[in-house]
Amino acid sequence: MKIGLVTGTVVSTVKQDGLKGLKLLIVQEAGTDGKPLGKNFLVAADAVGAGLGDLVITTAGSSARLTEFTNERPVDAVIVGIVDFIELEGTYSYRKYSIPEK
Amino acid sequence: MKIGLVTGTVVSTVKQDGLKGLKLLIVQEAGTDGKPLGKNFLVAADAVGAGLGDLVITTAGSSARLTEFTNERPVDAVIVGIVDFIELEGTYSYRKYSIPEK
Amino acid sequence: MKIGLVTGTVVSTVKQDGLKGLKLLIVQEAGTDGKPLGKNFLVAADAVGAGLGDLVITTAGSSARLTEFTNERPVDAVIVGIVDFIELEGTYSYRKYSIPEK
Amino acid sequence: MKIGLVTGTVVSTVKQDGLKGLKLLIVQEAGTDGKPLGKNFLVAADAVGAGLGDLVITTAGSSARLTEFTNERPVDAVIVGIVDFIELEGTYSYRKYSIPEK
Amino acid sequence: MKIGLVTGTVVSTVKQDGLKGLKLLIVQEAGTDGKPLGKNFLVAADAVGAGLGDLVITTAGSSARLTEFTNERPVDAVIVGIVDFIELEGTYSYRKYSIPEK
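Protein chains in written order, with the numbering used here: chain A, 1 to 102; chain B, 1 to 102; chain C, 1 to 102; chain D, 1 to 102; chain E, 1 to 102.
FYI, nobody ran anything at the bench for these hints, they're computed from the structure.
Hints are supplied without guarantee of correctness; some may be wrong.
As the list makes no split between identical chains, a pair holds if one copy fits it or if it spans any two.
In silico EDC-like links for lysine to aspartate or glutamate, alpha-carbon gap of 20 Å or less [said to hold, decoys possible]:
1) Lys-96 <-> Asp-84
2) Lys-35 <-> Asp-17
3) Lys-39 <-> Glu-89
4) Lys-20 <-> Glu-87
5) Lys-35 <-> Glu-89
6) Lys-20 <-> Glu-68
7) Lys-96 <-> Glu-29
8) Lys-23 <-> Glu-72
9) Lys-20 <-> Glu-89
10) Lys-39 <-> Glu-29
11) Lys-96 <-> Glu-68
12) Lys-35 <-> Asp-84
13) Lys-39 <-> Glu-68
14) Lys-39 <-> Asp-17
15) Lys-96 <-> Asp-33
16) Lys-23 <-> Glu-89
17) Lys-20 <-> Asp-33
18) Lys-39 <-> Glu-72
19) Lys-39 <-> Glu-87
I would like the entire structure built from these sequences, with the hints used as guidance.
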């Protein structure tokens, strides 16, 4: 899987039946700090209710069809999780919510 | 999925039976602004009636076979949608039709 | 699919049973003008009778098994068509046969 | 398969049912000496009990689903082994445990 | 398929059951002259009895499972042939055995 940042949406009226009802999001490849890595992006179907600014986990290839939203559909990328935090060798490299200081 | 710009067509007479009747288009990889990114391109089967200059959504791999045009055929890339617009953080980065000003 | 130029052949005696009887060709990645792009190449099974110097269409991944030559075999790339011409925005970028002038 | 170094963990609460119960690890691409190669990383499901600092073997694509942990789940990368050593032309390029000298 | 040079072996004790009994080799990506191309390598299961220094043909993805050694196993790369020679436009670019001069 890859880590990506949701930065936009794609709207298409003329499309394959298999895409109907799917929300298609622009996901920019991101690093473990949640910041974009260069300009690479993909279009992924949303299977978790992700929104703009969310750091997400994407699955590609045939495995992208193994959700109830994408089953048997012509999609090759799907968002399978929203990242709460990434921990690298004991420290948080990314945290969705900051922890209030006392 | 990827975003691409349809820039041409490929014609082949000597081909696998599985390609018969498919329209094969040259799709150049594009950014969220609809402009080509470098020189990368692929040949994709058309499943939506796309034409030259259309910004399209392409699906690759085994999922490319999950349309009524490509089912069980030896194709690894298919056009599954024509992009109307792409919205990045609240502003249009690409819009197929310009909106008339009043 | 990708466009490639057939530049050679690979011969292997010690091989998986699943490769027996297949012609394996060196296919160099090519641009829409039919010229090689850098040094990238792959080894593809031939399913159309391609020869040296032919510009071909290759299919990769699981879809490469969907020809009568490659069905259920351990191959991940197959030549599915020989390119006659590529047309980019109304002009030929590549043409297999030149058209005689009058 | 690829060689990678386990450098972190990803935690996600909002996720596809198919990811439930899986441990997701950050795996940085590594060379035959066990050292990271650049900044490339992926998120892989753990199928062997790998931990931070382990050099591991990862499998990608549909084959990533062929373990008892990942069967039929929407994952495209899985850790399938922990590397004990890598031997290049007769010498160890990587060894998990150093051998005590006498 | 890709051409690669077998340069080493990987040994793993803690591993998925599906890897048991497989020989895992380090295969460095090679050119048509049999020389390594940069530092890229992969770990491939051996299905032909390849050894150090052999130039081999590797198959990736789901097709890597279509040998009697790798059937239904979590592997995404397999060695399917040992290269005897590669011929580019009528001349040998690589030959496993040199031909004795008279």
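Hint check results:
1. Lys-96 <-> Asp-84: For Lys-96 and Asp-84, the Cα distance is within 20 Å only inside one copy (5 Å; across copies 32 Å).
2. Lys-35 <-> Asp-17: For Lys-35 and Asp-17, the Cα distance exceeds 20 Å both inside one copy (34 Å) and across copies (27 Å).
3. Lys-39 <-> Glu-89: between (27 Å within a copy, 16 Å between copies)
4. Lys-20 <-> Glu-87: This pair counts as between: shortest inter-copy Cα distance 19 Å, intra-copy 37 Å.
5. Lys-35 <-> Glu-89: This pair counts as both: shortest intra-copy Cα distance 19 Å, inter-copy 15 Å.
6. Lys-20 <-> Glu-68: both (14 Å within a copy, 14 Å between copies)
7. Lys-96 <-> Glu-29: For Lys-96 and Glu-29, only the intra-copy Cα distance (17 Å) is at most 20 Å; the inter-copy one is 25 Å.
8. Lys-23 <-> Glu-72: The answer is within: 16 Å in one copy meets 20 Å, while 23 Å across copies does not.
9. Lys-20 <-> Glu-89: Neither: 42 Å inside a copy, 23 Å across copies.
10. Lys-39 <-> Glu-29: both (8 Å within a copy, 12 Å between copies)
11. Lys-96 <-> Glu-68: Neither way: Lys-96 and Glu-68 sit 26 Å apart in one copy and 31 Å across, limit 20 Å.
12. Lys-35 <-> Asp-84: So Lys-35 and Asp-84 pass the 20 Å test inside one copy only (14 Å; across, 28 Å).
13. Lys-39 <-> Glu-68: neither (30 Å within a copy, 33 Å between copies)
14. Lys-39 <-> Asp-17: neither (30 Å within a copy, 30 Å between copies)
15. Lys-96 <-> Asp-33: within (11 Å within a copy, 28 Å between copies)
16. Lys-23 <-> Glu-89: Intra 35 Å, inter 16 Å, cutoff 20 Å: inter-copy only.
17. Lys-20 <-> Asp-33: Close neither inside one copy (34 Å) nor across copies (24 Å); limit 20 Å.
18. Lys-39 <-> Glu-72: Answer is neither: 30 Å inside a copy and 32 Å across each miss the 20 Å cutoff.
19. Lys-39 <-> Glu-87: Cα proximity of Lys-39 and Glu-87: across copies only (16 Å, versus 24 Å in one copy).
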